[in-house]
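A.B. asks: Starting from the known structure of chain A, fit chain B onto it as the hints suggest.
Protein sequences, first through last, are from chains A and B.
My numbering numbers the first residue of the first sequence as 114 and each following residue consecutively.
My numbering numbers the first residue of the second sequence as 114 and each following residue consecutively.
A portion of the hints provided could be inaccurate.
[As the list claims (entries may be wrong)] Listed below are the simulated DSSO-like cross-link pairs for lysine-lysine, each with C-alpha atoms no more than 27 angstroms apart in a straight line:
| id | chain 1 | residue 1 | chain 2 | residue 2 |
| --- | --- | --- | --- | --- |
| 1 | B | 455 | A | 455 |
| 2 | A | 144 | A | 223 |
| 3 | B | 467 | B | 517 |
| 4 | B | 230 | B | 303 |
| 5 | B | 448 | A | 455 |
| 6 | A | 223 | B | 250 |
| 7 | B | 517 | A | 448 |
| 8 | A | 652 | B | 467 |
| 9 | B | 438 | B | 455 |
| 10 | A | 448 | B | 176 |
| 11 | B | 467 | B | 448 |
[What the hints assert, rightly or not] Partner residues aside, some chain A positions facing chain B, computed with beta carbon under 10 angstroms:
| id | residue |
| --- | --- |
| 12 | 226 |
| 13 | 601 |
| 14 | 623 |
[What the hints assert, rightly or not] Calculated from the model, a selection of chain A residues having no Cβ within reach of chain B, i.e. all distances over 12 angstroms:
| id | residue |
| --- | --- |
| 15 | 392 |
| 16 | 438 |
| 17 | 518 |
If you're looking for bench data, these hints aren't it; they were derived computationally from the structure.
Beta carbons are placed, not taken as given, at the ideal position from N, Cα and C, and that holds for glycine.
What follows is the residue order along each chain.
There are 2 protein chains.
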Amino acid sequence: MTAERLIYLPLGGAGEIGMNAYVYGYGAPDKERLILVDIGVTFPDMESSPGVDLIMADISWLKARLNRLEAVFITHAHEDHVGAVGHLYEALGMPKIHARAFTANIARGKMAEYGIKEDAVSVASPWPATVQAGPFKVGFAPISHSIPESSALVIDYPDGRVVHSGDFKRDLTPLVGEPFDDDMWTSIAKPGVKALICDSTNVFSRNEGRSEASVGPEIEKLVSSAPGMMVATTFASNVARVRTLAEAGVRAGRSVCLMGRAMKRMVEASVTTGVLTDFPAVVQPEDAVSIPRENLMLIVTGSQGERRAASAQLSRGKFLGLELKEGDTFLFSSKTIPGNEKGVIQIINSFSEKGVDVVDDADGHYHVSGHANRPDIEMMHNLIDPQMVIPMHGEHRHLREHAKLAESLGRAGIVAVNGTMLDLSGNRPTVAGYVETGRSYLDGRVMIGALDGIVRDRIRMALNGHVTLTVILDEEDAPLGDPWCDIRGLAETGRSNAALQEVLEEDLSQFLGRADAKTLRDDAKLDTALRRVVRQTTKDEIGKKPEVTVVVSRLSA
Amino acid sequence: MTAERLIYLPLGGAGEIGMNAYVYGYGAPDKERLILVDIGVTFPDMESSPGVDLIMADISWLKARLNRLEAVFITHAHEDHVGAVGHLYEALGMPKIHARAFTANIARGKMAEYGIKEDAVSVASPWPATVQAGPFKVGFAPISHSIPESSALVIDYPDGRVVHSGDFKRDLTPLVGEPFDDDMWTSIAKPGVKALICDSTNVFSRNEGRSEASVGPEIEKLVSSAPGMMVATTFASNVARVRTLAEAGVRAGRSVCLMGRAMKRMVEASVTTGVLTDFPAVVQPEDAVSIPRENLMLIVTGSQGERRAASAQLSRGKFLGLELKEGDTFLFSSKTIPGNEKGVIQIINSFSEKGVDVVDDADGHYHVSGHANRPDIEMMHNLIDPQMVIPMHGEHRHLREHAKLAESLGRAGIVAVNGTMLDLSGNRPTVAGYVETGRSYLDGRVMIGALDGIVRDRIRMALNGHVTLTVILDEEDAPLGDPWCDIRGLAETGRSNAALQEVLEEDLSQFLGRADAKTLRDDAKLDTALRRVVRQTTKDEIGKKPEVTVVVSRLSA
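So that you can see chain A by itself, here it is in the shape it has in the complex (with noise of 0.2 angstroms):
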């Protein structure tokens, strides 16, 4: 016989900041039932996955297994954790959704870019209100962090309770939703907890985290000393802090003009859902080119660099007919996040340009972080007194420091990547099992795998450049006509002075001229020989070996 266990599987999310995905099951080996926490998804690069839409998890692990598979429960509305929701609802077999009203209704509207139904996503009322899935009940524990309902999931299984942390800080006045609530979780914890699955981002921050209220009076103090227009950007998620900088535009006179699209949905599903009553009045971007520019105060997308987002749009010129200029102040009440570097900087040097004086947040004045720092996270594992720690939403350092913190505070701590199958059954957490995982690229309208080679050959046509050579052959395979080459991303002329292109195409047509009947008669022989002869010719001449397609044509007899 098999006794029943409880396991944890990381989909991904663990050994990454980002597309979220964590697998819980409960019953015999194999036959657990399952349920699945977040969806979420992560962002591409020009290094590593040019011209891909998003990344998410391959999910090839679930979809195996879809009878097995109980329901979806959302954490919060961030995209590393909702993000693909729509993407693999179908995929997933159209499972339940479960979510809280704020959360459910950006999930909604994921879905109904595929035609899905509200009624795909059940609201879930907040703890002590838990979700039946099968073998367990869920419960979503409200949490502060960086966007409005965020929550921790308590998830009861037939032998005992585990929970299921989310993204969260320790926020006793997070200014919009609940506060962190020690009396909530001292409840929590009391019949015991089996494991604390653990957000793992701020294990290095040494310091006590700040609260979201602790920056209201700086940028009160900014923007009221702003002599132009004041413009601030922040992640539109944040509607605490969206709110924060609208009321210190209002208090200092100014007309308040949202702009970027993910602004205005943020703002809009928090009243629709009512986590936000008190927003106050704003102005059209159409209307606020006639407010003068000391009375105008934007509040912006694209706090980490986006090229399209209204912060670059803005630093490039003008945008929704408003433009800044000298004696403008720029705010980036947010940190940039590790990569984007890069297009946070082009915009500040381009506002720069215009003599517009850009504020960052390098003194820690104007953002505080959604995630607890190490003192909080210590805090967590005190009061939630778990039998082990599992970190997870980190990169491996992150998850390897907080298996320590947590081993040095006397619980069993593990690290747990995307693929590796704990069993949490035991007083330890061990190892079940390791399983294929991977990145599942959206790519247009198609998904396609990260390890399929379609990226690799793009990445490929970007470092070496690509030629086409097109021979064609007569009906005795002799080449009729000469042999013609198109370059593309390759230098035009190299050491002989002479256009590449032609150098290319004598010495195909010498090749051609000189080569025996036998190779001229096999495909793949002669495919292999024309390409060899255009990387060599390529790397004599430019000094790079370009990617070659070779058409030959065969007239047939």
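C.D. replies: Relative to the frame of chain A, chain B by itself:
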């Protein structure tokens, strides 16, 4: 009559950090005799310059005036100051190159790759010695930075003196090379200085800079307490730091091994030129293998995450027979230059997977900058007391802030980005004109222009994928056989669940079947029409519009 004037023209380095190239000229307008200060490179990235090997200033303006170029002066041996000297020597008309001994050693190494003889570079003695170059008398005034023998240039012209700071910091205990010398600068300033052309890199750093000597004790503490193998990376050119690291190793009873070509090259140049006389004995990697790990210290290249440097190699596995493991320590005695974060973080995570403890400079214990912070820049302004300050070596934001600082201290300041020719003859700098500037790419073995479209084509292929389509038409312009497509970097199947290649070929066949004689006869028209079919079908199938190469072959009668 036209009076003689002094001009300043940055071709690179002003409005960016990298590829420094500053022209000074003296004489009647458009007849000025010229000198070039520094000729550096900057590094490509996948985002904007995939496949490119090196980036340097476009020197077209100088190339059109080679008969007026007197000489080139190199302030120090960092790549962004000396890196292009070999690549552009011939294009610059093989001018006389002047540099101090260590810099000359490095420059000669680069020029040797082009077969240029050693005597192309003259070794200059330090100030008060000077080099005559047309109307200029140029002195290499030792100044502290983060590489041996860095120099500011004291540039005397018939009507006065300007000081080009080069890269500098105010370090009284730089460990290697000359300390910052207040007395020397006071005496240089004494006759009156027209203009200070000044490093702007750290103008936003508000605290006084720290000395190279300050990191030694912290490094020693870390190295002596590390349990397993100790590995440290830093900028290879920071020879003082390399020695500090090596000495810490020796004091902790460890054998020291240098890894990475640049590391060896820099230490070798330092010893050869006498700037370093007391470097500890080192062991070779092949001997290091047999030394117990707790008695070993590696000093390695790759502090910026470069994929092929020693740090990255070690993070991936065995390198030159050595492999790190649990209990070893890896130190970044460096800061991460913006844009390099992802590569560095990847290394840290790879080491984390091996159980290696990574220590970085988050707390400022193990690295100091080589550039003057704001208070030190102020001190330099006051020490030189020039009539005007021209900020250089900075992005636009740095130049603007530095010019403001100069004005606030009561001196004329001006933002002059690449291509801005300043006339420094009057009491304030004035803009004498704008010159077309830009970037040249070393691509393989060929120089191409940044705006030639070559790299743009590569980026497009990386973002959009590529389709080659071949059609053969007979003597009557009728298609011979079916059109044929090759797809590269695109999903293989899309909406219709058939192979994209087949759908494309089918749609192209249909198009050709109904195309009128006029279209089939006209190469340009046919090309456009076929391209449109490919792009539209691909868009319908997979949601992307690819780059297309159309090959129409016509069999002649």
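A.B. asks: Hints broken by the structure, by number, lowest first?
C.D. replies: 2, 3, 4, 6, 8, 10, 12, 14
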